[in-house]
Every structure is written in C-alpha cells, then in structure tokens.
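Enquirer: Now for the letters of each chain:
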Amino acid sequence: MTSSDLNWDAIVIGGGHNGLVAAATLAKSGRKVLLLEAGNEIGGAARTEEFAPGFRVSAVAHLLNRLHPDVVKTLELEHHGLRIERGDFVPSVALSKDGPLVLHGAYGEVLTGASASEQSAWKELRAQLLRYAGVLKPFLSRRPPDLGNISLAETMGLGQTALALKRLGKEDMRDFLRVLLMNVYDLLDEQLSDDRLKGLLAFDATLGSHLGPRSPTSLLGLYYRLAGEIGGLAGAQMQPKGGMGAIVAAIRAAAEKAGVSIRPASPVARVIVEKGRAAGVVTRSGETLRARTVVSAINPATTILDLVGPREVDTGFVRKMKNIRMRGDAAKLHLALDRPPQFTGLDAAGHKGRLVIAPSPDHVERAFNPSKYGEFSPEPVMEITLPSLVDPSLAPSRACVLSAVVQYAPYALREGWTAGKPRFLRAIMAQLEAHAPGIGATVRHAELLTPADIEARYRMPGGHWHHGELQADQMLMSRPVSGWSGYDTPLEGLFLAGAGSHPGGGISGAPGLNAARRIIAMRA
Amino acid sequence: MNHHPTIKPSTDVRAFAQSHFRTLRPGTPFQPRIDALGLKQDWYNWAGYRAPHSLWDEELEYFAIRSQAALFDISPMTKYQIEGPDAEAYLDRLTLRDVTRLKPGRVHYTAWCDDEGFVLDDGTLFRLSPTRFRLCSQERHLPWLLDSAIGYEVSVAEETEAVAGLALQGPTSFAVLRDAGFAGVERLKVFDLAEFAHDGGTVTISRTGFTGDLGYELFVPADKALSLWDRLMAAGELRGIRAIGYTALNRARLEAGLIVANADFTTSEHAIRADRLRMPDEIGLGFMIDPDKGHFNGRRAILEARAKKKLRHVLVGLEIEGNIPAEHAIVYYRKSREVGLVSAAMWSPMAKRNIALASLQRPYGDTIVDDLWVEIYAMRELQYQKLMKKAKVVPRPFIKLDRRTANPPADF
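Here the protein sequences come in this chain order: S and D. Per our numbering, the first sequence starts with residue 126, numbered consecutively. Per our numbering, the second sequence starts with residue 175, numbered consecutively.
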C-alpha cells in the first residue's frame, strides 16, 4: 500500500452525473476535490457510447427531461456547452394501429390525433397533473425535512408547500389528497377515454419501476416525471445533441473549471473509517487517499455494505440498507439500422420524438403481470428514440440509431438471461416490426442490455437506474433509508450523493447538488 | 355444490399432535425435581417456561442463599451459541464492552443496544474458547443477532432448550461442588469458567451468579440435567442445599444492586412509549462503554447523547428511612415535585437497611441528590397509610460480601 502525500478536502466516489455535480459544487465552494471513477470513462449511465462501428448512443438515459435548473445555474452549464432551446423539445407519440396520437410541446400542450372531446379532457387532466406535480415539486427537489430535528429553513419550506396546497383551493386540495396515492389506471379511467393516450400515460407512470398501472401508488411515477422540467417547462423533453454524454461533458467541463481532479479507472476498494469517521479511501490499486469528507455518488447499499462494511455501522442500519428494493425491470435496446425506420402513419417530425408502444393501460398491465413471477413480457411496452435523426453524427450517413427502453424485463429472470435474452429480443423485434414494418431486415447490429447487463456494465445493483425502487415507501424521508434521507450517514464525514438518495434517478443532478449543499451547510 | 368434506374421528396421531395444550407451560429439564419440591405450586412465566416464584418458603429460600447453598434453575434464560473465526469481532460490534479483552475461560456482564443507543438487553457473555461463546440474556434476540452477523464469519444458534442451567449460590456452594467431586473447582476465581466431567459428558462451571454471594453457574446438555441435580443435592445434603424460587433470588440480586431487564428498565424492543427507552448511561451501565474500542452498535448515538447532554434519566440506589419496602413508590423532590419511580425495594436483612432501586429524571439523582422523598402506600387493615419517607442516594451494591471474591473460596 502506498500512501499519497496529497490530502483532499473531499473525495467523490463515482463519476456519474450526480458525482460530477457534487464534485463541481464542492469545488466551487473552495474545496480541493478529487473524483474517482471506477470505469475508464466518466458519465456512468449518462455516457454516449459506441455500440457498433460508427453507431453511438446514450447508454441508459436517452432523454433529458429533468436536469434541475439549480444545477444548470450553480454550475453555469450554459457556459460549458449545454444548449437547451425550445426548438429542441421533442413530442411524445403513442404508436397505435389506429394511427398515432401526438403530445406536442411540454407534455402535450397540444394534443393531435384524438377526438375533440378527448382533447378537451386531456387539457383539463394535463393542467391538473401539472398543478399537483407543482405542489410536490419542492418536495421532489430539496433535501427532505429532517423529522427528528427540523430546522427553521425546513419549516419554512414545509410552510411553502402548505401554502401551495392552500392556493389550490378547497376542492382541488381535497382532490389532490384523494388521488395522491392512487393507481394511475383508475385515475385515467375517470377522466379519459382514448386507450392510446391512457396507454401512454400508464407507461410513463410506471416507467423504470416494478409497478403496473393498476398497482397502488403508480400515479406517483407520473408526478415524479412532471415535477421535472427542462428549459423552465415542466414535462418538456429533448434528445441532447451528442447524446447524454454531451450533458456529462458540460458538467465535467464545469467541474474541471472549478478545479476538480478527475481520475477515471480508479475503483475504490474501501472507505477508511477511523473512530466512526470516514477519513478517506483506499483504491483497488492499493493507494490510500485521505480526505475530510468522502462523498459517495454510487449505489447507497454498495457504499455501506461493500466499501464501508457492515462492521463500521449499526445493525439496524445494515438491515435497512439490505432491504432497499432495487431489482430493475427495464431493459435497454440499441439497434444499428441500415436506414431510418418508417413508423406507420408518423410524419418526419414525429420520428424525432419519443415513440411509445403501449396501446392501452390494459396492455401495460398485462405486460407487467409476468414480471411479478420472474418472466419477461411476451408483448413488451417500450419507449423508442431515433437519436441520429436529431444528431446525424451518431450514425454513419444514411444509417440510423434506435434506442429503446423496454419493459418489463425482471432482473432475476427465472430462466436466466443467458437463455432469456435472445427470446426477449425476438419479442421486442416483433413489436417493432408491427409498428415499423420492415425494420427487422435493416438491423445491422442489435445490443440488448438486460438489467443484469446494466448491473455489470454500469455498476448499478439490480440494473436499476434509480438505484432503489422509486415508490412511496422509498421516497422522500425514506430514501435511501428512513432516518438517513439527508445525504449524511451514521459515519461522520461520509455522504451519499447518488440517485439512490432523494429525490431519485433520472438526469437531474439533484441528489448530487443537494448533497454538496448539505456538506457546505454543515461546513464538513 | 353441496359436498362437505368428511370430518374423520380423531385418531391417536392427531390427539398426540395436539397434546401440547394439556401442558400450560413447558417445564425445564429439571422440572421432575422441581415439581416434587414445589409445595406451594406458585408458578410464573419465565420466557415461556413454568418457573417457581417460591417452592416452600420465601424467607427460608432467601436465607438458603445467604447461609447455606441455594439451587436455582436458570434453564429458561435465553442462551445463544456464537462460534466462528469472527466471533470475537462480531460480539465486539454487537455488545458494549470490549470483547477483545475477555479471555477464553472468562465471563463478563455486558449489554447491547440498537442504533439509537437504547438498551436491547443485558446479559452475560461466556468465552468458552478463542472462537466459541455463550451469550445469556433475558429476552430473545435471534433476528437481531443474525442480522448483526452480516459481514462476519460466525454462526449464531439458540441453545436455550438444548442446554440446562443451574445457579448454585451461597456460602457453602464451593464446598458442595468440591464434595460433589468437581476437582479443581477451587481454582475458579470470580468470572472464571472451566469444564468438568459429568455423567459421561461435561459440565461448564463458572464462578458467577446473580446474588452478590459466593456462587457458581453450571451448564449441561439437557439430557444430563437430572443427574447433575441429583449429584449436587446428594453432595449438598449436609451443607444445607435447598432448591429455591425467583422471589428469594430477586431479593438477593437487589441487595447486590443488580438490575433486571423489564423490571428496572424497559428494553427497547418492548417499550411502546418513547420516554421509556433507556441508554446505558441511564441505567447505570455507562461503565461498559468503551469509546476507544472498535465500532459497536449504538456508539454514535450514545456518544452524541453524552456530548450533547441528552441523557434524561439515571438509575440510583436509595436508602429509605424506616423499614417499609417502597416498592413502586413515586420519588419526590422536596416532597412535591415528582422526579422518578422505585422499581425494586426491600428491607435488606443483610444490610439492615431499607433499600431500593429507582429511575430518576436528571438532574435529580445526578447532580441534585438531596431532599429526595418517597411516598409509600402501606396497607393497614384495608386502609392505606401514606408515608412520606426520606430517601438518600447511596452507592450500589448495598452489600459487599468478601466471600464472593475470596481466593481460594472458603469452606463453610
């Protein structure tokens, strides 16, 4: 073991986007920060990677819809290459044999392809969803209130939420509380009639979680999505030029400008603990690096159980960490195509959007059912993007990249993914073929990442991109575990800053920013 | 369909399978002997077992502890076998005291806490070998012990049923063991343990107990229980050996100043009300805490409570004027302000003092120890006589017997 002479104010473990945001924010406060990334490249699941010669794609996250405005502002990302313009917003398209239905602008400011009555019903529901998501928004971005020891600032934050609730008016407030923990299926049934629209919303509410539309609390997923914003517009989405890696590059540039030292290919073996205090890390190559503050932007359970070790924390805390549910249920598909596919009935602008195959809420529910018993969906639901239509540099000329998030693909597939993967790929291709006839014949290369692959490649236990199911019992004050939702841990000087912490996953940077702010506030 | 399943008449097998209800509470391996001596039929529930409050005479049973040799069945005590290369490290993280300083062949009294630093239980830890321990406690803790084992190479198994235990306490206890043929038992110092041959197997004898007197505890496999009992009874006949129940033991332990979980404090898994939880410092177990040893459960919370002066209670010994036991009396400051409660009290025949254990709210009992009073309700022919008696905070134990620690142990 060699000992480095260098001593750091803070060491950040994990160079995903949250680790970068935390590191950059800490460095901007004047701290000397070292960021250690296990992989050869930084960016984690927000990398842009080449998956076939000449074909590049956003690794896991392929749509930007919740990069937190405070992150953009604090790190001055617009000075570091981030471009967000209204013209970049892409629509959401519900693909259907009955013709597509398109939500234009920020989550369907305009709806086309539906009847007039459905359009007006949607207008009302959309306004309601955004209103209610707006009430939750402060909760879903700030540090959760510390119930045991509530500060003045937190009390004021809660007061603001109470005020926002009050502003809803009596009827609306009652309705907000009525629907808060509802399932999305029943809510949609109350207000809409078009299966295509309902299917899309049911898909969005359950995307990335082990829930079907009829599962209790499934509506929360939709609120989580709509609590995100981009370019100041809630529910808007874009396909970043250069893929998600371009966003990471902007954050990285901000971090480097602030003086962060970034070391890729430096996996951490363990966190050094001295008398209940984190004092640094030992890398797998045996180097000891000491710091006043250690920030882990990797999975919370990995941090505590593997890097710190159960011996340095209390039994109850170990129990809680072990009980975090994080078995992914979504797969990622990358196709290298000879030419852009033609989805039936869709115009050119539509092809640049987010294409969703989820023909009805029942279809989504049926797709979910087998996953409860360790089987993949025979007719999977999915969200498709064609990033090379937005940024032609991602594919060779005239060729096309297809990127899709596919559900449901249970992490612990009963038959095992070695046998299951080719069968699942066939099921996915059958769905694609039905909506884009002839697509199968143009596939030059296919890469399907099951949750098991995502786990191995991106060091996400369970292959879960939220690093812990994002459901009511694992949100807010209970994320990553109850009693420790404020980014600090039982170990003095050790903080958690990844998606496993509040508010959760997606390319928001909020956990990283909140953790850094907490550290700065604690003068740690 | 109107098809009803036929209910077959009960068979012998079925009746046998259900016969458990005929035994209201299971007995211990010593039950045949205890039942034969249990003239008073005065039973209570000790961790699910039928255990005697008293067998023949509370007073005489107590004096058997102090003047002769008393035999008390401790089999219902919860026992865990903890074994493996990491057993020491595991127990050091689990419990408060420094297990790395507990040598093989030694026993120590310890306690363990949850994450919040509240006491889950207290008990005794026997180090049988470098890698094998026995943990004895009041409550059952298997889920907690197993979850605590995550990350350690250690096995944890409950052995309450498999291992029978006896406490042999009192001035003649050493002589009884010697006369019973346990050669070398005189070498055991307080908190030592050793194995001895018995009935084709072994018995583990430790010089420990819950009486503050000279005494030993013996652990044998359940199937050797009766032969051990008989061996001790035969050897002790001329030394006044007597079987006793819990009432007598409870008096002796109070004189020795020892606390009982869920009598003198509420264990954290039992407490329903938030202010009933107790940290070690609040029940007189602060001495166990070693901030310089490795991490242990509750460390962060305990040290924080100390640093931020968040400790709210204190357990004290009281000496109360008069001779009426102040059991469960309210403790007052200046006869008016309620500051705590007596959890155990008695007139001590050995100390010749009216003694008690009480939980007080700090600073009373901590920095303010004067002008404390207890209100005793004495029943006098169907009428309470309320007595306001002065209480003085005194050190524990209330009695100190040289024979407990004398080496070699005296031959009475």
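A few of these clues could be false.
What the hints assert, rightly or not - Within a straight-line C-alpha distance of at most 20 Å, the following computed EDC-like cross-link-like pairs (lysine to aspartate or glutamate) qualify:
(1) K482(D) to D195(S)
(2) K262(S) to D195(S)
(3) K447(S) to D288(D)
(4) K400(S) to D272(D)
(5) K484(D) to D271(S)
(6) K400(S) to D209(D)
(7) K447(S) to E262(D)
(8) K447(S) to E327(D)
(9) K447(S) to D321(D)
(10) K400(S) to E290(D)
(11) K484(D) to D195(S)
(12) K482(D) to D271(S)
(13) K467(D) to E399(S)
(14) K564(D) to E617(S)
(15) K400(S) to E443(D)
(16) K277(D) to E478(D)
It is worth saying that the hints were derived from the structure and are not from the lab.
Enquirer: All hints are to be evaluated individually against the structure, with a verdict given for each.
Expert: Here is how each hint holds up against the structure:
1. Only pairs whose Cα atoms come within 20 Å are accepted, and K482(D) paired with D195(S) is rejected, the gap being roughly 35 Å.
2. Straight-line distance between C-alpha atoms of K262(S) and D195(S) comes to about 13 Å, which keeps the hinted pair within the 20 Å bound.
3. Simply put, K447(S) and D288(D) have alpha-carbon atoms about 17 Å apart, close enough for the 20 Å limit, and the pair holds.
4. A C-alpha spacing of about 15 Å is found between K400(S) and D272(D), which places the hinted pair at or below 20 Å, so the restraint holds.
5. The suggested pairing of K484(D) with D271(S) holds, with an alpha-carbon distance near 18 Å, which does not exceed 20 Å.
6. Between the alpha carbons of K400(S) and D209(D) the distance comes to roughly 53 Å, so the proposed pair goes past 20 Å and is violated.
7. Proximity of K447(S) to E262(D) is assessed by CA-CA distance (about 23 Å); at most 20 Å being required, the pair is judged violated.
8. As the CA atoms of K447(S) and E327(D) are separated by approximately 18 Å, the hinted pair is consistent with the 20 Å bound.
9. At most 20 Å may separate the alpha-carbon atoms for a hinted pair to count; K447(S) and D321(D) meet this at roughly 10 Å.
10. For the proposed pair K400(S) and E290(D), the alpha carbon gap of about 17 Å is at most 20 Å, so the pair holds.
11. Pair hint K484(D) plus D195(S) does not hold up; C-alpha atoms about 38 Å apart against a cutoff of 20 Å.
12. Taken as a hint, the K482(D) and D271(S) pair is honoured in the structure, with Cα atoms around 18 Å apart against an allowance of 20 Å.
13. Note on K467(D) and E399(S): the hinted pairing holds, with a Cα-Cα distance of about 11 Å set against a maximum of 20 Å.
14. A distance of roughly 46 Å separates the Cα atoms of K564(D) and E617(S); the hinted pair therefore is violated under the 20 Å criterion.
15. For a cut-off of 20 Å, the pair hint linking K400(S) to E443(D) is broken: about 27 Å separates their Cα positions.
16. Among the hinted pairs, K277(D) with E478(D) is inconsistent with the structure: their alpha-carbon atoms are about 30 Å apart, more than 20 Å.
Hints 1, 6, 7, 11, 14, 15 and 16, counting from the list given before, are not met by this structure.
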